[in-house]
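S.K.: The residues making up each chain are set out below.
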Amino acid sequence: MTISFNINGQPTSLDVDGDTPLLWVVRDMLDLKGTKFGCGKAACGACTLHVDGKAVRSCSYAVKYAEGKNITTIEGLSSGDQLHPVQQAWMEEIVPQCGYCQPGFMMATAALLSEIPNPTDEDIDNNIVNVCRCATYYRMRKAIHRAAGLQSQTAKNQPS
Amino acid sequence: MKNAHRAYLAASLLLGILVLGFSTPGAQLSEPKLPESSESTAAELTPEQAFDLMMEVLTHKRCVNCHPSDDYPRQGEDSHIHNFGVQRGPDNHGVAALQCQTCHQTENNNHAGVPGAPEWSLAPRRMAWQGLTRVEIARSMLNPENNGGRTLEETVHHLTEHELVLWAWEPGVDANGTPREKPPVPKAEYIKAVKAWAAGGAPIPEE
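Protein chains in written order, with the numbering used here: chain L, 1 to 160; chain E, 161 to 367.
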């Protein structure tokens with residue numbers, strides 16, 4: 001079947017089995033390798049991306065559901081050369097160890113900050129439940145708070 | 161987040177134990193408790209028989225897992241708290257960035273073992289069934305203050321036609337590929353029972 005959607009702002013149409021996981025399509029058909037395969041069971045969150053701005057585990061999201069939607073992967077999180085506050089904070093806090101799971105965490109965090117701009121530790125615990133086998137959770141928590149601050153600053157600096 | 165990691169490891173171990181448990185000869189699923197007649201119809205069921213059949217379904221984990229009495233969905237054949245501390249949230253669809261639809265879509269995903277159906281969500285808190293007796297569930301179900309203001313006819317419609325309710329008979333497989341247990345009464349018999357119970361005045365037996 002033909003599926004059409006926007007991927008990182010670009011319209012695309014693909015001839016694909018509708019039950020193919022969106023993760024497969026993103027990585028193998030669209031060659032966007034930033035989104036990672038972890039467990040394949042929607043448990044670890046390494047495959048998290050955004051569908052219409054909401055965090056989705058793409059390993060268990062059939063591509064047929066993407067019809068007409070706006071998909072954002074880690075490659076499309078920034079605005080041109082302007083890093084997303086989450087990306088900037090991740091660099092400043094030197095969060096990754098092996099790094100494999102980090103795109104999923106960053107996408108989940110970006111989704112969180114769009115709903116809760118200044119999350120508490122409890123908000124972070126309740127919303128960011130991805131799995132990191134390097135246990136970089138402590139640095140991620142710091143980065144999430146830093147990203148919230150950067151996002152707030154960016155919003156203040158934007159012309160009204 | 162560390163808790164989530166520990167929960168993931170614990171859940172993996174638990175799943176392994178469950179798989180072993182379900183593979184043993186003694187772990188048979190319970191047989192449907194139908195009336196003696198194998199060709200029962202709504203007209204043949206007394207309201208009392210119909211109530212019993214209906215409640216065999218409504219007290220089953222496929223229903224109660226999503227009618228918890230607290231703010232945590234249950235999952236699995238042992239009705240454990242949903243992995244990763246997933247929560248009800250303000251509208252029964254999860255919290256801000258961890259919604260039901262982060263993982264659950266409108267159909268089962270049998271590749272991933274993630275269940276799905278239209279309107280996948282928790283029942284509202286006032287529709288909590290977990291820990292209630294059959295009589296208490298029935299009373300709550302017929303109480304407009306608890307059932308969302310539904311009439312009996314609307315309650316019957318919900319119980320017999322709502323896709324999320326009927327998902328119980330097409331529950332797919334779990335993360336290990338093991339089919340989820342279905343309610344102990346076949347769907348058609350259950351629907352007949354609900355309608356027979358309602359047609360008989362929806363009597364609730366004494367406790």
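Hints were generated in silico from the structure; no laboratory data involved.
Among the hints, a few may not be true.
Derived DEER-like restraints, expressed as beta-carbon distance ranges [unchecked claim]: (1) L/158 x E/285: 46 to 54 Å; (2) E/366 x L/118: 39 to 47 Å; (3) L/9 x E/308: 54 to 62 Å; (4) E/337 x L/15: 26 to 34 Å; (5) L/138 x E/347: 28 to 36 Å; (6) E/284 x L/4: 33 to 41 Å; (7) L/15 x E/270: 53 to 61 Å; (8) L/53 x E/270: 51 to 59 Å; (9) E/238 x L/157: 46 to 54 Å; (10) L/156 x E/322: 43 to 51 Å.
In silico lysine-lysine, DSS-like type, Cα no more than 30 Å apart, as pairs [as the list claims (entries may be wrong)]: (11) E/342 x L/41; (12) L/69 x L/54; (13) L/33 x L/64; (14) E/347 x E/221; (15) L/41 x E/221; (16) L/33 x L/54; (17) E/342 x L/64; (18) L/142 x L/156; (19) E/355 x E/342; (20) L/64 x E/355; (21) L/69 x L/33; (22) E/355 x L/41; (23) L/156 x L/41; (24) L/54 x L/142; (25) L/41 x L/54.
For each residue, glycine too, the CB sits at the ideal point set by N, CA and C.
S.K.: If a hint holds in the structure, say so; if it doesn't, say that too.
M.R.: Evaluation of the provided hints:
1. L/158 x E/285: 46 to 54 Å: violated (40 Å)
2. E/366 x L/118: 39 to 47 Å: violated (54 Å)
3. L/9 x E/308: 54 to 62 Å: violated (41 Å)
4. E/337 x L/15: 26 to 34 Å: holds (29 Å)
5. L/138 x E/347: 28 to 36 Å: violated (49 Å)
6. E/284 x L/4: 33 to 41 Å: Holds: the Cβ-Cβ distance is about 36 Å, inside 33 to 41 Å.
7. L/15 x E/270: 53 to 61 Å: Since the Cβ atoms of residue 15 of chain L and residue 270 of chain E sit about 23 Å apart, the hinted range of 53 to 61 Å is violated.
8. L/53 x E/270: 51 to 59 Å: violated (28 Å)
9. E/238 x L/157: 46 to 54 Å: holds (52 Å)
10. L/156 x E/322: 43 to 51 Å: About 47 Å separates the Cβ atoms of residue 156 of chain L and residue 322 of chain E, which means 43 to 51 Å holds.
11. E/342 x L/41: OK: residue 342 of chain E and residue 41 of chain L at ~21 Å, within 30 Å.
12. L/69 x L/54: Holds, because 11 Å separates the two Cα atoms, which is no more than 30 Å.
13. L/33 x L/64: holds (20 Å)
14. E/347 x E/221: holds (15 Å)
15. L/41 x E/221: holds (21 Å)
16. L/33 x L/54: holds (20 Å)
17. E/342 x L/64: holds (27 Å)
18. L/142 x L/156: This hinted pair holds, its Cα atoms lying about 21 Å apart.
19. E/355 x E/342: holds (20 Å)
20. L/64 x E/355: violated (36 Å)
21. L/69 x L/33: Given that 30 Å is the threshold and the Cα spacing comes to 20 Å, the pair holds.
22. E/355 x L/41: With Cα atoms ~38 Å apart, residue 355 of chain E and residue 41 of chain L exceed 30 Å; violated.
23. L/156 x L/41: At roughly 40 Å apart (the allowed maximum being 30 Å), residue 41 of chain L and residue 156 of chain L break the hint.
24. L/54 x L/142: holds (23 Å)
25. L/41 x L/54: Judged against 30 Å, a Cα distance of about 18 Å means the pair holds.
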